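Novice: Protein chains in written order, with the working numbering: chain A, 26 to 148; chain B, 135 to 318; chain C, 4 to 419.
These are computed hints drawn from the structure, not numbers from a lab. Some hints could be false.
[Said to hold, decoys possible] Taking lysine to aspartate or glutamate and the EDC-like style, the derived pairs with C-alpha atoms no more than 16 Å apart in a straight line are:
| no. | chain 1 | residue 1 | chain 2 | residue 2 |
| --- | --- | --- | --- | --- |
| 1 | C | K276 | B | D270 |
| 2 | C | K303 | C | D257 |
| 3 | B | K237 | B | D263 |
| 4 | C | K276 | B | E198 |
| 5 | C | K306 | C | D257 |
| 6 | C | K327 | C | D237 |
Since the structure is predicted, the reported quantities are computational estimates derived from the model, not experimental observations.
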Amino acid sequence: MNEAPSELLIFRVDCRIYCAAVSDVRRIGPTRSGGEATVACSPLGQPCTRRRGIVVDCGDAGERTLVVDEVLGVRRVPAADLRPVPAFAAACLHAGTVAGFAMLGDEPTVLVDLRALVGGTDT
Amino acid sequence: MRTWAPCPLDAARAILRGMESSEGVAGAPGVVSEPVRDGGADTCLFGLRILGGRYAFAASLVTEVVRLGPITRLPAAPSFLRGVFTHRGEVVPVLDIASLVGKAPVVTGPSTRTAIVRSGPWHLAIVADAVDGLVDIVNLEPPLADGGGISAFLAAVGRDSLGSIAVIDLPRLIEAARKRSVPA
Amino acid sequence: MPIQTTKKRARAAGAERRVKKVGSDSHGEAELIASALDAFAAGQPSTGFDPGALRDPLLRRIAEAAQEAIRRGQGRVEESAERLRVLSRGVDEAIEGMVRLVVQGELSGGLRLSAGDAALAPLAEGVGQVMETLKSFVSEIRDASLQLSSSAAEVLAAATQNESSTSQQASAIHETTATMEELKGASHQIAENARMVASIAEQTLSATRVGETAIKSFMSSMEAMRRNALEVDDAISKLSRGVERIGTVVEVIDEVADRSDLLAINAALEGAKAGDAGRGFSIVASEMRRLAENVTESTKEIKNLITEIREATHTAKGASDSNKRMAAEGEKLGQAAMGSVNGILAGAQETTDAARVINLATQQQRTATEQVVQSMSEIEGGTRQAQTGSRQATGAAAELTKLAERLADLVKRFQA
């Protein structure tokens, strides 16, 4: 986690809530089935309704769309509410998709590195 | 700090004192185990119940016993890493020994207890079916031949007032878990 | 030989003797003439009397005249005799024809006489008329005989049928009488049964009244049961609430015990870490754990008891609900039973009345049946007489038929 994002996009895949840095998101669009640029199945889980697509700029790889069930909104999160990945967890996770945690309530919400997620995941 | 024992039992005693195991945490960055105080620590083991049996490890590793709060699952995590939960504002990863040794995971609920341990650089929670707390073990003996599973991580076996109990080399187990996660 | 012929011959013999005695004188000659006349009168032919032999001319002329008269007379006699023969033959033929007619019944040919004497014409005509008349009679008799035969057969058939009908009628009357007797018996039986029905209805009436009282008590019991069930319900609700409250308290205790246990574990850990200095702390922590565990054990038992009480309360509630339902149903059933009992009471009363009416009606029926039996008996007598008459009629008709047949046979003999 290089910098603490203050603006987080909150979204849902299946029954789990995730958040991501707004800066990583180019736009929210409809889901287009098929196509190389669409990531339907990711480690976040299998979306059920597939109602939204989070379009991510992957640099040279171009735009990739992460299919999600619902985009709940954008929330400004203070830096104090952000937590790094614990050392043991970081040692066990190698995909780099978990950037940290945001304390949106009592429970920690996974802060997803969208570029790492859609850039490194096959459709 | 290393204390090599000339016999397995000595090694076990060393483990009981919270010494680093043979595989140690040499690779862990910038964290050094606290020195283990001598005197009466031979019997200071922390007991818990997993895999249908009673197990123990050095009580000095345990920082606290708490109720396991709601777990946040981690994407692309190995099965033994059940997720994270917050404790005193800190995000703590949860390790399931049963899953690690290929058995059915521990069933967790609102009253499930977990022992937060600090082993070398790692700060994590060990989830168990139940927590016995401090146990007094006598007649420590070397474990039986390595039969795979949990026995690969045993340092000794002994008895207390409730019956037999197996002593786990927890740092070795944690290290083994970490290593297992590293992609080939 | 006929008597007249004998007399004629005697007279002729006397005349001849007289001619032979007086031949010599006039007187004798006269005697001769007289004898010749006697003989003639007697019908005998002249036996050698010769008037030329007479000497007396007068007498001779007389004798000649007499002889001439005799000769003429004889011619006429012969003619008459001839005619008589013819007539006689005609009469014989006529008689024969009549006889043939009567004996052989031959009427077809008519009567033809061989002699054509006019004197026979009336006879022939008469016989012809008789025959015609007979023929016409025969024809009529034949027709009548045929009709008679046919009628007699019809009469016989009718009489036979009548006899048969009468027999059937008699049989039917007999059966009817028997049936009426049975009916009489049945009426009696019905009357008996009606009396029994009335008696049973009376018994039913009294039994139903007892039942009515029992149902009333049953209904008040049901009502009491329902009231009790409501009270039980209330008690169960209170108990339930109490148990739930205990449950909540126990949960709190459990929670406190669990936290205490957790605290004790951590205290023990801290004590252990403090080494000798923390030993007393560890002992206290251990004791605290034991207490917490004791509390947890106790709360577990309480929880088990609460579960049991909940189950028992649930069962009791179910039983109470069931009791309420059953009481309500019982009341409904009681009301229904009361309605039924009232119906039975009314029915029994009606049955008694109906039985009385039936009894009366059967008595009337019995009287009527007896009258019918009496009438039938009379009819039977009449029928028996009719049967006898019918049988006689049949016999008479049979006789008549036979007679008709005989008559027909007789009539057949006349071939008209």
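Novice: Indicate, hint by hint, whether the structure satisfies it.
Specialist: Hints and how they fare:
1. Among the hinted pairs, C/K276 with B/D270 is consistent with the structure: their alpha-carbon atoms are about 15 Å apart, no more than 16 Å.
2. With a C-alpha separation of about 8 Å, the suggested pairing of C/K303 with C/D257 holds against the 16 Å cut-off.
3. Straight-line distance between C-alpha atoms of B/K237 and B/D263 comes to about 13 Å, which keeps the hinted pair within the 16 Å bound.
4. Among the hinted pairs, C/K276 with B/E198 is consistent with the structure: their alpha-carbon atoms are about 12 Å apart, no more than 16 Å.
5. For the suggested pair C/K306 and C/D257, the alpha carbons sit about 10 Å apart, so the restraint of at most 16 Å is met.
6. A distance of roughly 13 Å separates the Cα atoms of C/K327 and C/D237; the hinted pair therefore holds under the 16 Å criterion.
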